[in-house]
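Q: The primary structure of each chain is shown beneath.
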Amino acid sequence: MIVSVDGRRVEVREGATVLDAVNRLGIPLPQLCKDPDRAPLGACRTCLVHVEGQRGTPAACHLPARDGMVVDTQHPEAVRVRSTVLDLTLSMLTAADDRDGFGQLAEAAARHARLEPSWAPLHHYDTDASKSFFVLDRDACILCGRCAVACDDVQQIGAIALLGRSHATKVGVFEDGPMSSSVCTSCGQCVATCPTGALRPKDTPAKIARTVETTCPYCGVGCGIDLKVREDGQLAVMADDVPRNRSSLGMLCVKGRFATGFVHARDRITRPMVKRDGRWRQVGWDEALDAAADGLARHRGRFGALASAKATNEDGYLVQKLCRVVMGTNDVDHCTRLCHSPSVEAMLASMGSGATSNSYQDYEEAGCLMVVGADASANHPVIAVRLRRAVGRGARLIVVNPKRVELCEQADLWIAQRPGTDVALFNAMARVILDEGLADERFVETRTEGFQAWRAALDTYTLEYAERVTGVPARDIAQAARWYARPPFSGSCLIWGMGITQHVNGIHNAHALLNLSLVAGQMGRPGSGISPLRGQNNVQGCGDAGCIPTNLPGYQLYEPDTLARFEARWGVRPPGHPGRVVTEMVEGCLTGDTRAMYVVGENPLLSEPDLHHAEKALDQLDFLVVQDLFLHETAERAHVFLPAAAFAEKEGTFTNSERRVQRVRAALAPPGEARPDWSITAELAKRVARRCGVDVGRQFDYASAAEIFDEMAGLTPFLAGLSHARLDREGGLQWPCPSANHEGTRFLYADSFPLGRARFIPARQIETAAELPDADYPFVLNTGRLLYHWHGGTLTRRVPGLLEIAVHPSDARRLGVNDGARLRVLSRRGELTGYALVTEAVKPGAIFIPFVKLGESAANFLTNSAFDPSSKIPEYKVCAVKLERASSPSE
Amino acid sequence: MPVREAVSHFPRERTWLLPALHAAQRIEGWLSAETLAIVAAHLRVPKSEVWGVASHYPELRLARPGRRIVRICTGVACVARGGRQLLERCERRLGMRAGDTTGDGALTLEPLDCAFACAVAPVVEIDHVRRGRVTTAMLDALLDTPPVHRARVPIATRTDPPPMVPTAGSPGARFTMLRREAERRRTGARLAVGVGGCGLAVGAGETLEALRSEVQRRGLPWTVVAAGCSGMCWGAPVVEALRDGKPSITAAHVTADAVPRLLNALGAGVSEREFAVPSEWTTPQRRVLSERCGLADPYDIADALRHGTYTTLARVLEEGRPEAVVDEVRIAGLAGRGGAYFQTAVKWAACRAATGAPKYVVVNGEEGEPGIFKDRHLLEGDPHRLLEATLLAAYATGASRAILYIHGEADLAAERVGVAVDQARQWGLLGERILGSDLSLAVELRRGAGGFVLGEETALLESIEGRRAMPRTRPPFPVDAGLFGKPTAINNVETLFAVVPIVARGGAAFTALGGGRGTKLFGLSGNVRRPGVVEMEMGCTLRTLLEDLGGGGDGERIGAVVLGGPSGIVVHPRQLDEPLIPRGAVNPGTGGVVALGDAAAVRAAVRTLLAFNARESCGKCTPCREGTARLLTLLDDSPPDIARVKQLAETVQLASLCGLGQAAPFAVLSGLAEFPEAFGGVS
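From first to last, the protein sequence lines stand for chains A and B. So for the first sequence, our numbering puts the first residue at 21; every next one is plus one. So for the second sequence, our numbering puts the first residue at 677; every next one is plus one.
Just so you know, these hints were derived from the structure itself, not from any lab. Errors might be hidden in some of the hints.
For lysine to aspartate or glutamate, the following EDC-like pairs were computed, each having C-alpha atoms within a straight-line distance of at most 20 Å [as the list claims (entries may be wrong)]:
hint, chain 1, residue 1, chain 2, residue 2
1, B, K1322, B, D1312
2, B, K922, B, E967
3, B, K922, B, E890
4, A, K151, A, E97
5, B, K1162, A, D173
6, A, K248, A, E669
7, B, K1322, A, E97
8, A, K902, A, D794
9, A, K222, A, E195
10, B, K1162, A, E385
11, A, K227, A, D120
12, A, K190, B, E735
Could you build all of it, start to finish, from the sequences and the hints given here?
A: Set out below in C-alpha cells:
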C-alpha cells in the first residue's frame, strides 16, 4: 500500500496503521501512549492527524492505513486540537528539579510551542520510592496506561494497575499502598515503557553511547537483553528487553533488567594472580599461565576439571577439549550434577536425549501444566509468565510442591506431598491413568517398550497406599492424573525442578515422572512435553558442549566410530570410558585420586552439600587453578587465579532451556587484563600440552569464538546447521538443526526417539530421605532459591540483604519467636544464624533456607552430602535440623 | 466465612470478577481489602487489578457505609423537580456533607446520579427502598422513621410446573404443542398492577399486596398479577383490569387505600369509560414495541405465549433461513436505539460473515443516562419479548451465546429477565437445539456496577471480561473481534424489541411508521404534568410530547428541554415543532426528554450533565478525562470565558476516544448557544 503523509509517499504493509506510515517517514508526531512493541491503547490522543475526505481528527495509532490515503499531520485543525490535548496533558504534571524533563512529552510540547501549561495540576502526590531500583512519581504521570499493560499483560504480574476513575485515576497498587507492599518483582518492564519518567530508575540519568543485544547471563530461560553502554563506558543500571527475541518475547525479570552491573563490581579481579607463601601476588599472564600449566601438568592422571554453566558454549567446549585432548581424561563435569543430573540421566536412559522436549510456546498452548518441585516465579520468572498466560487461557495448573510457592496462588490443584515421597505419588497417578482407561494406548504401543514390566511394578501403588505415604488426599491424586492425561484441550506439559532431583532417590523420581508422560503420550506434539527447568543460563549448552564425564560433545557415546571421528578432528583420541563426576572428584581429593583441579566459573565451596566436608576435601588438593570474576570461597584456596571476562565482555553463544542457541556479544572490553575464558583455556591447554609432551599442533589456535563454534558444530550433528553468522542473521535457533537450511526444532520426539522407542523404567519408592527428623533434630530443612538472588549469590549477593529462615507460624509460636527474630539452625554438620520469616508457605515441622550465602551463613553448611547412587546428585532438599532462638547481635 | 463461600462458586476466570464483587457486596454491604483479596485469589486476578476494577465502578463500595444509607437523586430530572434542595435539606438536618458517613457509622448520606425513576421525581432512597414524588415533609418523615428491616415483598408468586417439552416434530409443530400447553394454563380475568421501577416508588407494591388480600378475602374470581408499567407513570399506581373478550379497564392513582373502592366499582360492573385515560395521552402514541407493557404478566411465559411471543421465532426456525431475518431488519432500516442510530442489519450481517466461534450476542441493558428509563420499562414489562428478540438476533448472526447485561441497580428488570430466562429454558426455548432446530443459545445474565460509559459497546465488553470499563480502540470492531476476541453483535434493548414486530410483520410494516423510521420510546420527565414513558412514531415533535401527552409545564411554563441525557442537547422552545429525527435538526438521541422551567434551571441542568460526564469519564483518554474536568471549572467562572469553553469543547469532541467524550460537550455548547442569558452574558 502506498500512503501519502505530508506530501511524501511511503509504502507500508497490509495491516499497518497510519502511525506506522508516519514513523517510517520519520515525521515527528507525538505518540505518548504507544509502546512501539505493543498494540495501540488510544489513550493519549496526541497522534491526531487529518485525513483527506474524512471528518475530524483521527488518532493515527489505531487508524488503519489504506492504499492511496492522503494524511496531513500539519493540517491546522489537527495541530490545533493536538496542541490543546498536549496542553491538557502538560497540565497534569508538576515540574521538579530531580526530573530530567518529561521525556517525549516535553519534546512534543516544545514542537507545538506549548511550553507552559494553561492549568495547574488537579492532583499532587508524594513520590513512591519504596522500591530499590526505581521510583513511581505520579506528578510526572500522564495516565497513558503503558505501565499497567507491561505489568499485567506483558509480564502477567499485576502489581500495578490503573485505580479509580475520571480525573482521579491513578497508577497504583492494591489498597492504594506503596509499591513495596505489592507483588512487584522489580522486573522493570513498566520503567522501560514509561514515556515521561514517572517510573524511572533511581540511578542518575546518563547519555547512552550504544546498545548491544545479547543474552541474559542469569537463569536458563535465555532472555534477550539490550545492554546500554553509557558514555563513560559503564553499563547503565537498567538493561532493555528485546521483543523480537523468540524465547523471551520482550520480557525480563529483575535480574536481567537491573542486575547486570556486577561486571563493574569493585571486587572484580582483573589481573592474574599467583599465590606465594600463602599470599596472592599479581603477576603477568605468562607467569600465571606457566604456573598453572606447571601445576596441572604435574598431576596429569590425577586431575579433574569443572567447567562453567555460566560461560559460553565455546568456553565449555575448550575446557572439555583440554581435558580430553591434553590431560587424557574424561574427568570433566559442571554444576548440572548438583541440579539436574537425575533428570538428564533418566531422560538419556528412557529417551536417549537429556533436553527439554518442548518450547516455551508449548506452555502457553497446553491444556494442562503440571509443575513439580519448581518455583518458577522465583527462579525462572519469565517462564512463570508463560505459565500464568496459559492459566489465563483456561489451562489447568497442577502444582506439586511441599512448599507453598507463588504459583500455588494460580493453581487449580496444589499437591503438597511429604518430602521424599514423589515416586509413590507419580506411580499412583500412573495407576489411575491405567485403571480409568486414560492411557494413550496408541502411543504406548507404537512408541514405547517395557510397558508390561513397568505396569506390573505398579501393583502396590494404589491410591490408598499413596495417600498414606504422601499425605495427599486420594481424590487429589486422581484428579491430577485425570487432568494430566486428558487436559480440557491441547496437550499437557510436565515441568519439574530441583524438588524432584535433589534427593537420594532423584533418579527414581525422574523416572516416575517420565513414565507418567509416556503412558499419557504427552510429548511430541504442540502443547505437550517434558521440561526439566534448567537453573543456569548455559547449563544446557555446557552439557551439549561435552562438559560431562559420561559423554562426548553432543551426548555422543564412547563408541569406536565416534572416538575415531573426534580423533580425526582433534589429532588425539579421547579416552574411551566415562570419567568421574564432580562429587566423585571432590571425594577423590580425600583419597588422593584427585590432586589437581581446574575450576572455571564455579564455586563448589558454596554449592556443594555439607560445606565443612567439602572444604576439608579441597584443602587436600595439591594444586588448584580457578578462573573466574571474583575471589570467592573456592578461589581463595586456589594456587593460581586467572581473571576471566564477564558475559558482557566476550563473544559466544548460550543455549537455553528450550534448546535455543543464542548469541552472546561483547558490549565492553574486559576490565584490566581479564580475558575471555576460551582464550585463557586455549593458552593454558597449549602450555600444559607442551609440558606433558602432547602434540596438539594448531588444535588450540583460535582467532575467534566463531571458529570454536564451527568446530563444535562440525562434530555435533544436532548443531551442524548453526554458525555465529547464521545466528546473527536469523536470531536464536533451536537444535536439532542439522543443516544450514533447517529452521530448527520446536519440539522433540514428533516421530521417534533417539533410542528408537522410549523405555518405561520402573521407579521404586525407596527410603524417603537419607536423614529424617528425629528427637534431636526435629525439623526438615528444605533449600532452594529466591527471586532476588541467583544461585549461591556470587553475582547477586553484592546487594545488602538478610538470610531469612522460613518457619511455619505454629512452630514459631512454640519456639517463641516472632517474624524477624534471630534464629540459629543446627544440623549434624554445621550451623547458621538468620532471621525468622514466619509464613504458611512451609508446613509445620519444615523450614526453608535459600542457598545463597549472605554474610557468613550458607544453607549448605547444614545439608547432607548423601547422594543418589546413580546420578550422584546430593540430597539438598531434605535433611534434619533443629532450631534455637539466637540472641540478637546487640545482646 | 460466607463471602469466601459465595465467591468460591464462581469459575476461576476473570470474566466473573464483577459478578463475584457483586455477590460479596450483597453479603457485606461493601468490599473490604480482605474480601477483595479473597476474590483475587479465587479468580486468579492480580490483587492490584481487582482493586483497580473495584475502584472504577461507582456502585462498588470500598469504604464501609453507615448502617443507614440515605441517597438523594440528583439526576437531571430530579434536579429540575427540587432534588438538590432535598439533598441540602438532608445535609442541614443531619449536620453532614453529602458523601460522608457519620462518625458513629450510623448513617451515610449520598447524592445519587440517577434513580431512573425520573417520571416520579424527585426520588429519595433510604435503606435501599426508593420513594418518588418526595416533598420536604415526606423527607422529614422518612428520616424520622427508624430503620426497619423489611423483608422484600415477593412480587412473583407463580410456581407453575414446567411443561413436557416436545422432543419430536418440526420447530413449528413443537411450538404448536407449547402454545396448546399455554392455552391450558389460561387464568381468566386478571388485575394487573403496574409494578415498575416508578410505580414501586409511589406505592405500587402496597397496592399489589392490598389487592391480593382483598381479592382473596372477598373470594373474587380475579387473578392479581404484578405486571410492568403501561408508561402512565403520572397515574401510578395503575391497575389494569383484563377481562377476556372485553376491553380492558385502566385505573390510575390506585393507592392501597383506594383498592376497596376499585373492587367495588368493578363489582358494580362499571363501564371502562368511567376510568378513561385522557385521549391526549393515548391517541398520539403508536405502541408497537411496548404494546404488552402493563398488560403482560412478566412472570408467566404461558401468558407471553398466549399473546404470540416466540411465535415469530418458531416460524423463522421452521423456515430455516437466518439470512431472511437480516433481510427483514435491513428492509425495516432499523437503526440502533442506544442513541447512535447505526444500522442494525449492517452489524448483524458483518457478525454473520465474520469468522470465529463461538459468536456472541450482547444485550446492552445498562441504560445509565440520567433522564432516560425506557429500557427498564421494556425489560420490566415484557421480558419474554427481549428473549425472543435475542434468539432472533442469535439466529441471524450465527451466535451461540448471549449475555444480557443489565444495569446494576435495575433489580426489578434483572429479576424479571432472570425469571423469564429460567422459564424459557424449562420450556425448551433456550438451550441446545431449540425446538429441534440447529439454533442453540446459552444465555447468561450479567449485572453492571454503574458507569455511563458502558453505553459504549467496547467498554461494555471490557466490563464483561472483568476489566475496568474502558473503551477499546477500533478497529477491530466487535462484529469481528468483540467479547473474548470473538465476533459479537451488541444491541440496545429497545432495538431488539423492535426486531420482533419487524420479523413478524415484515420490515415494510415498520417503515410504514415514523416516515420510514418506525417508532421510538421517549421518557417524559421534569417540568411536565404527565411524566411517563410513551411510544411515538419517529419524527414526532417535542410539542406533541410535552404539551399533548405531557399536558404542558407543571406549575411553570416549559422554558427549555434537555433531550438525550448527558450526551444530548438543550433545546430552546422555538424548536419545539422540529420533528425529532436522527441526524436531523433536533436529534432524539436515546429519547430522554426532561422539561425545564426558567434560565436558572438551564444552567443547573447543564452543570449537572457536564459534572456527570466528568465523573463518568472512564479516565482512559486525556481529552475526556482532563478536558471535561477543566470545562467544568471554566463553566463555574462567572461569567464563563466563552471562547475558551468553545475551544476546549472542540478538542474534547474531536480528540476523545469514545462517544462519551465526543458527546460530552454537547449540552454545554447548546446551552451556551441557545441560552446565553443563563450563563450571565452574551455568547
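Q: Give a verdict on every hint.
A: The hints, checked one at a time:
The suggested pairing of K1322/B with D1312/B holds, with an alpha-carbon distance near 14 Å, which does not exceed 20 Å. The suggested pairing of K922/B with E967/B holds, with an alpha-carbon distance near 17 Å, which does not exceed 20 Å. Taking the CA atoms of K922/B and E890/B, the gap is near 23 Å; set against the 20 Å cutoff, the hint is violated. Between the alpha carbons of K151/A and E97/A the distance comes to roughly 43 Å, so the proposed pair goes past 20 Å and is violated.
Between the alpha carbons of K1162/B and D173/A the distance comes to roughly 19 Å, so the proposed pair stays at or under 20 Å and holds. A hinted pair counts as satisfied when its Cα atoms are at most 20 Å apart, and K248/A with E669/A qualifies at roughly 13 Å. Restraint check: the Cα-Cα separation between K1322/B and E97/A comes to about 14 Å, which is no more than 20 Å; the hinted pair holds. At roughly 9 Å between alpha-carbon atoms, K902/A and D794/A fall within 20 Å of each other, so this suggested pair holds.
Taking the CA atoms of K222/A and E195/A, the gap is about 24 Å. The hint is violated against a cut of 20 Å. With a CA separation close to 18 Å, the supplied pair K1162/B and E385/A stays within the 20 Å bound. Taking the CA atoms of K227/A and D120/A, the gap is about 12 Å. The hint holds against a cut of 20 Å. A C-alpha spacing of about 19 Å is found between K190/A and E735/B, which places the hinted pair at or below 20 Å, so the restraint holds.
The earlier numbered hints that this structure contradicts are 3, 4 and 9.
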